[in-house]
Amino acid sequence: MKIRNRQIAVLFGLLATLALSIGLGGFSLAMLRQQKADIASRIKSCEVQIENIRRLNENLNAQIAAAQNPQALRAMAKTALAQPEFGAVVWAYEKFDNAVVERPRDEKVLISFKSDRLANRNIR
Amino acid sequence: MKRRTRKSASYAAFISRGRFLFVAAVLCTVFAAVFCRLYVLHIVKEKWSEQIISKARNRFDKIDARRGDIVDSRGNLLATSRPVIELGVDPERMENTPEEREALQKLAAIIEMPYPELLKKCESETLVYEDEDGTQMRKVRWRKIAENIDDPTYERIRGLKIKAIYGNRKYVRVYPAGALTSHAVGFVNKEFVAQMGAEKKCDYYLRGQDGWRETERDGRRREAAQFRTREVEPKDGMNVEMTIDIIIQEMAQRELKDIVEKYDPDSATIIVGEPSTGYLLAMASYPNFDPNNYNKYPQDALRNRAICDQFEPGSTFKCVPVAAALNESIVGENDSFDCKSSSISYKGRILRLPKDSHPHDHLTVREITQKSSNRGVAQLAVLMGENMLYKYARAFGYGSKTGIGLAGEINGTLHEVKDWDGLTITRLPMGHAVAATPIQGHCAMRTIANQGIYMRRRIKKRVYDAESSINFPPVAERRVISTKTATLLGDILCDVVGEGGTARRAEIPGYRVAGKTGTSQKIINGRYSNTKHVGSMTGFFPAQRPRVVITVVVDNPKMKGIGYGGVVAAPVFSRIGAQVANYLGIQTDGDFEKMIAWRQSR
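These protein sequence lines map, in sequence, to chains A and B.
Residue numbers 501 to 624, in the numbering used here, belong to the letters of the first sequence in order.
Residue numbers 276 to 877, in the numbering used here, belong to the letters of the second sequence in order.
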C-alpha cells in the first residue's frame, strides 16, 4: 500500500516538475521576449524622434531656401509691397537749422520742409 | 474512514506496477528526449544551429548616406536632399468593405488622383514570370500610388486607416533656386545618378559612403535594436560651395529674359567672372530648365551653352593678334597700317584681305582695335606669322577645355598650323576659321584683365562637411602676355567702348570700361549666312583695376538689320555691369581717385 502511494507521489512529482519546467520556461521566454521588445521599442522611438527632427530640419532648410530665392523674393515684392510712384527720395532732417517738417492732416499729401533762414543761405 | 480506504484501494488497483513503470518510462523518455535534443542542438550541431538561428533572426540593413548640399558663395542652398514619402498599396491586403471604399475616395481627393484610377491601382494582380526553376507566379504586394508626399499629408492619409496603403520614406533632390542656376548646378535623376553640371563633376564628394548594420529581428520581424552586432555609420556626402553668387546669377537671368523677349534668339549666354581669382560669379544660358522637373524639358534645353556650344568668336578674337603683336614688340600702339589695300604679299603669294564693314584709310594699332578693322588685324597677323598667332591663340585658351569643373565642356576648334589653308592667316585674326565656346572667349578677356595671367577656371570654391574642408584656391596657370602689354591693351580696349568705338552702348556710368564686341556670320549649309549672326560682347571694368569680367553672347537675334554685338549684347553688358557694381560696392573711378588723392595727402 505504502509502495503504491509512493509511486503515485513520484508520478505526480514528475508531472509537476515537467509542467513547472515547461511553464517556467515558457513564462521566462515570454518575459524575456517582452523585455527585448520593450528595449527595442524604446531605442527605436528615440531613433525615430532624432530622425523626425533631422527630417524637419531638412524640410525647413529646403523651404527657407526656396522662399529666399531671389526670383521668389522679387515676385513677392512685386505683389506684396507697395510700389513707390515718385522718382526720387528726399531726406529731410527735422530740426536742422531750426527748420521743421510740416505734416499736413491729410497723410496722402507730401510733407513740406520749412525754414525761415534757409531762404537766405546758399545751400547745396 | 471506510470510504477513504476503499478509494485508495481502487487507486492502488488502477496504478498497477506495470502501469506505473510505463508512465514513469514515458515521462523519463520525454525528459531524455528534451535533454537529448538540447544536447544535439547545443553541442553536436552547434554550428548548424547557429546558422539556422542567425538566418532566421539576423538582419542586414543598408543605411543610405545623405547626398551633400550645393551652396553658392554666400551659403544659399542651390541643391539639397529632402526626405519625402512614396505612397503605395499592397493589393492583397485590400478588404473591399464599404468603409474602405469611402476612405479610398477621401484618399483620392488628398493625393489628387481620379478615384477610378486609384481603384485600378488597388486591384489584385498576379505576375507570371520565368526563372531557372521554370514558370513562376507571384502576387503583386506593392504598387506605387503617389510620390513626394510630405509628412502632414502622410499623417492625413494614415488617419484614413486603410491597412493596405502605406508609405516608404526616401530622399529626393530639390533645387530651391529652380531654373536660376540650372546649368551650373545640373541635376540628379530619380535614381540619384548625377547627370550634369556640378552635381556630376562633384559627385565624388557629394554622394558620400553608405553605411550598414547587422542586427536581429524578433518574431514579428521588427528590429531588436539592442542586438546590433556590427554597425558602420554612413558617411554623409560633403557639401560643395560654388563660386556662383545667386544674386548676380539672378541679374544675369533677368537680362537673359529681356534678351529673349526682345530678340527671340536661338540661344544666349551671359557669364560674369572675377579676373583676379578665376572664379565665376554667374553663368546663365537660354534656353534653360527647372532641375526639379528636368524631364518636362527637351534635351536641347539641358545643354549648357556656355561650355557646350561653339561659335566663331568674330571680332572678340581680335584681342589675340593685337596682344601678340604688342607683346612681341612687333608693332607699337601708334604704328600705322594701310587698311585701304585689298591684298597683301605673304610668303611669296598675294593674299586677298577680308573686307571691312566700313572703309578705312590708314589706321594705327589702337584705331584698328577701336574700329575693329579686319584688314588691319590681318596685316598684324601676317607680320607675326602663323606659328606665333597659333601659339598665342592657344595660350589665350582657344582650342582647349578651360577645365572649369563642369561636365560636358568641349574643346572648341583651333586647327594646328599644318592644317591651315592659304587664307587662314588673314581670316583667323578676325575670328573666322576658329570656333570657341563662350567661356573660352570669357577666359581670353579675363587674361587681359588679370594683367596677362591666365587663371585656372573655378566654379567650386570649397568642399566641406562638419569635420573637414578642402579649399580650391585661385591658381595662376600661365603668363600669356606681359603686365605692360595687358595694361596697354586694356587702355586700347577702353577706346572700343568710348567715342568712335563699336561698343559705345556698353558704357557704365562712373566707370571706365574695356571691351570688345563681335559679330560673326553663322555657317548655314557650309556657307556664311547673311541673315543669321552671333552677336557678342566681352569686357571688363573698372579698366584700371578690373573687378568684373562680363561676356554676353546672343545667337541669331531676330531683328531688323544685322544683330551686331554692339547693338544686341553691349547694352546688356552695360546693364549687368551697373547692377553688379552696385551690388559688389565697386568704387566709381571718381571716388577711387579721390581716395587715392586723400591717402597721398596724409
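Be aware that a few hints might be false.
[As the list claims (entries may be wrong)] Here are the simulated BS3-like cross-link-like pairs (lysine-lysine), alpha carbons at most 27 Å apart as the crow flies:
(1) Lys544/A / Lys537/B
(2) Lys330/B / Lys544/A
(3) Lys537/B / Lys797/B
Calculated directly from the structure, the hints in this document are not laboratory data.
Results of checking the hints against the structure:
1. Lys544/A / Lys537/B: Given pair Lys544/A, Lys537/B is violated - Cα atoms ~60 Å apart, limit 27 Å.
2. Lys330/B / Lys544/A: Since the Cα atoms of Lys330/B and Lys544/A sit roughly 22 Å apart, the hinted pair holds (cutoff 27 Å).
3. Lys537/B / Lys797/B: holds, 20 Å
Taken one by one, the earlier hints fail for this structure only at number 1.
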